[in-house]
Amino acid sequence: MNEPGYHPSPSRSDEAIDEFESIFKRAERTPYRFADIPFKSIAVVTDGDQSAADALTANLKRFLPHTGDSAEWQSVTGDEFHNVNDLLRVMNERRPDLIVTSRCLAESSLVPQHTLGVYVDVMTQTLSTPLLLLPGSAPQPHPLGDTACRGVMVVTDNLAGDDRLVNHAVSCCDPRGTLWLCHIEDDLLFRRYLDAIRRIPQINTEQAQELIAEQLVAIPTHYAESCIQGLKEAGVELTVEQIVEFGHRVARYRDLVSRYAVDLLVTNTKDKDQLAMHGIAYALSVELTEVAQLLL
Amino acid sequence: MGIFFALSEFAGHEVPGWVTGFYLLVLLAMVLCLAFEEKIHAKKSLIVGTFAGFCLVTETVIGYFTDRAHPMLPFGSITLPNGHEIALPIYVPAIDWSVITIILGASLFVEVTSRSGIFTWLAIKLTKQSKGDPWRLLIFYGALTVIFSAVLNNVTAMIIVGSLTTVSLGKLERRDLLLGFLITEGLLTNVGGLLTLISSVPNIIVGQAAGIGFVPFFLTSAPFVFVATLVTLFQARLTFGVKSLATDEERKIAAELVASFDEKESVPSVRFFWCSVLLLLGFIVCLAGQSALPWDLDELGMGFVALFFAGLALWFYKNEVDTFYKAVDWDLLGFFASLFVVIYVMEQAEVLGIIGEGIGAMLSLPGPAAQASLLVSAAAASSVTDNIPLAAVLAKILAVNPLVVGPEGSNPGSPFWWCVIYGANLGGNITPIGSASTVVAMTIIHKNSLPLTFIGFVKVASAFAIVQIVLAIGYVWITSLVL
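Those protein sequences? They're chains F and Y, same order as listed. Take 1 as the starting number for the first sequence in this note's numbering and just add one per residue. Take 297 as the starting number for the second sequence in this note's numbering and just add one per residue.
Bound conformation, chain F alone (with noise of 0.2 Å):
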């Protein structure tokens, strides 16, 4: 009986245990930990001289009212590198708790599009400090703004957890600002998962793409409230908001950054399974151009 393709059914204890393993699993949640993000010394690299490094400091103390003054803030600027090696060593030396940077770096001969640039590429994916992108590029900048970082949007496919994300979105933010913690599910991934669940006879497919769909909304968004309650406990008195929906990633994004005022949007950048940058940052650092990321 047992030919390939043969699946036999399950005995009603395995089906029992199943079932409540999985009732339990529901009811377990991750909690959110709040912890203190210190920038104790931050690097600011530009392709330009002193002087333009110590304007965009000016800028970006505004920006980052929490860590502002009480951050040792140094310049790497184009004459301290000439290749990638150059700066990575540079970065190796110095150790900074955050790099501060533009797309495009060391590359104005050019009119980027859809690119980080060779330096912002080999830095996300070989140092594991954060990575702050200025809006705009390196050749075509645009202005930081007037004001400091107000609104934060925690960007990713998996909220879940991700105490490190939240908690520099955070450490970013002005305590008087507004946090989103955004997850988007793919809705293009999970249709093609239904697809091959309609050809599985053993499965109900409107039961099983009503309750799938319902999970992965509820982990994230439990894990929002948790997040919500953690820093009201933790005394951090931002406004915090979850959205927490199906949808085309990149475009759902854009969406969203021109509906709500964002200055900032802060995502992951490695996957523990690939080399190059993970998906979803990418697609966005090189997209959504108009706004500072904070690359982890």
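Since the hints were made in silico from the structure, they are not lab data. There may be inaccurate statements among the hints.
[Said to hold, decoys possible] Among chain Y residues calculated to face chain F with C-beta under 10 Å, some are: (1) Ala383; (2) Gly413; (3) Thr416; (4) Ile420; (5) Thr462; (6) Ser464; (7) Gly466; (8) Ser556; (9) Asp558; (10) Thr739.
[Unchecked claim] Some chain Y residues flagged as far from chain F (calculated, every beta-carbon gap over 12 Å): (11) Ala331; (12) Ile336; (13) Thr397; (14) Phe415; (15) Ala419; (16) Phe557; (17) Glu559; (18) Ala588; (19) Gly597; (20) Asn697; (21) Glu704; (22) Gly705.
Note that CB positions come from ideal geometry on N, CA and C, so glycine has one too.
With the hints as your guide, set chain Y onto chain F.
Here is chain Y on its own, set in the frame of chain F:
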């Protein structure tokens, strides 16, 4: 053939000896088939149903050819207490319907009330109360296993507590303790199964045959269950190295991890939750007071109480009762019904008389030795095969033994009934196939890729089972002196 004629002379009855011997072999074959159920890949109901059909057909045909005037199977009408006669097929009155209705009603009731989340709510609540300390968690899960085995049944108890153990120890990153926890819980299901008359099928069968009421059963077994649970937990602590957390930091982290469970998630409706609590309390109270029900309502029996409460609970899901009917373990009910038919046939063929002679010799030993040998024999038999046929056969045999029932023909206080109850339940702890709940424990163990073989289980579990059986022998002896 000589041995069969010798059996006839030994039994001293009208059934030819070779017929009795033949059915004795059939009974042994059925017991062997049940022991190798997993190898045969057939459900119990089908195995025993086939034997029941075979026994009915052969005994009818043999009766026709040996003594047509006095067939072995007593065909004919049934006379009701009011004198009326009704025609029923022989296999219908052969079944003990009081046992079947208790099992059907109780399983339906549990199936519906468990949908309220009452049991999972309690399990998560206790997990949080433990604050993630492994030793406290083992005590709480042990107590929970015993209570659930008593109130629900040992299989459901193992499934609920075992599933929660997997999830919570995973959350606490203490999967190194999972095997010890699951084995301990598996062993405690059979201890908890001793707590009430309806906690396990052997209890129901023997309790009904002996005429032991719900409350006397509980009062007799509760002290033993309490002591056996405590001893098992401390033995598990030593065997599996379950220790309390040492530092404040460890305690803080563990408490935070278990605090993140949300017990309300498993409760779909608060109204139904509280109704289920009330129904459960009502069910237990009515079972406890069943023999004292007024206006002849006690005559309806415990099975009716179980079916009545199942019916009440079903009203909460009046549009989808069919899903609960589907969830009833019809294999188990078919197995019981077929088993009663087989035992009835065996009774007519004087097989039970032959076995009863052997057991009678055992019961004639001096008091404590007779009790110990019956208890150990029942435990040994139940460790390798299903304890339900064992309990059913022994209940039938003891019910007619003068050393058990005395001159009045009924003695619910006889210690021999308790020897069968303790032996049949605790014997299930010796091997992983000894009881349905240890089979479930092994399923969860293998599902989690934990290394434990059949022999590995026997090595670990038999030490616990021996201690429990020795405790039971001592307890039966003490109670026989006191009560």
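To see whether the hints hold, each was checked on the structure:
1. Taking 10 Å as the C-beta contact cut-off toward chain F, the hint placing Ala383(Y) at the interface is violated, the least distance being around 37 Å.
2. About 8 Å separates the beta-carbon of Gly413(Y) from the nearest beta-carbon of chain F, less than 10 Å, and the hint is met.
3. At its closest, the beta carbon of Thr416(Y) sits 5 Å from a beta carbon of chain F; the interface hint therefore holds under the 10 Å criterion.
4. With a cut of 10 Å, the hint placing Ile420(Y) at the interface with chain F holds, because the nearest CB-to-CB distance is about 6 Å.
5. About 6 Å separates the beta-carbon of Thr462(Y) from the nearest beta-carbon of chain F, less than 10 Å, and the hint is met.
6. The interface hint given for Ser464(Y) is met, as the beta carbon of that residue sits about 8 Å from the closest beta carbon of chain F, less than 10 Å.
7. Checking Gly466(Y) against chain F: minimum C-beta separation of about 9 Å stays under 10 Å; hint holds.
8. Because the closest C-beta pair between Ser556(Y) and chain F is about 4 Å apart, less than 10 Å, the hint holds.
9. Taking 10 Å as the C-beta cut-off, the interface hint given for Asp558(Y) holds, the closest approach to chain F being about 5 Å.
10. Hint status for Thr739(Y) relative to chain F: holds, with the closest Cβ pair at about 6 Å, below 10 Å.
11. No Cβ of chain F approaches the Cβ of Ala331(Y) within 12 Å, the least distance being about 18 Å, so the stated non-interface status holds.
12. No Cβ of chain F approaches the Cβ of Ile336(Y) within 12 Å, the least distance being about 15 Å, so the stated non-interface status holds.
13. Look at Thr397(Y): its CB is around 21 Å from the nearest CB on chain F, clear of 12 Å, so calling it non-interface holds up.
14. For Phe415(Y), the non-interface assignment is contradicted: its Cβ lies about 9 Å from the closest Cβ of chain F, within the 12 Å cut-off.
15. Once the 12 Å rule is applied to beta carbons, Ala419(Y) is inconsistent with being away from chain F; the minimum gap is 8 Å.
16. The beta carbon of Phe557(Y) is not kept farther than 12 Å from every beta carbon of chain F, the shortest such distance being approximately 5 Å.
17. Distance to chain F contradicts Glu559(Y) as a non-interface residue, since its nearest Cβ pair spans about 6 Å, not more than 12 Å.
18. Here Ala588(Y) stays apart from chain F, with its beta-carbon at least about 36 Å from theirs, past the 12 Å limit.
19. Non-interface status of Gly597(Y) relative to chain F is upheld: no Cβ of that chain comes within 12 Å, the nearest being about 28 Å off.
20. With a least beta-carbon separation of about 37 Å from chain F, Asn697(Y) lies farther than 12 Å from that chain, consistent with its non-interface assignment.
21. For Glu704(Y), the shortest C-beta to C-beta distance to chain F comes to about 43 Å, beyond the 12 Å cut-off, and the non-interface label holds.
22. Taking the minimum C-beta to C-beta distance to chain F, about 41 Å, the non-interface status of Gly705(Y) holds against the 12 Å cut.
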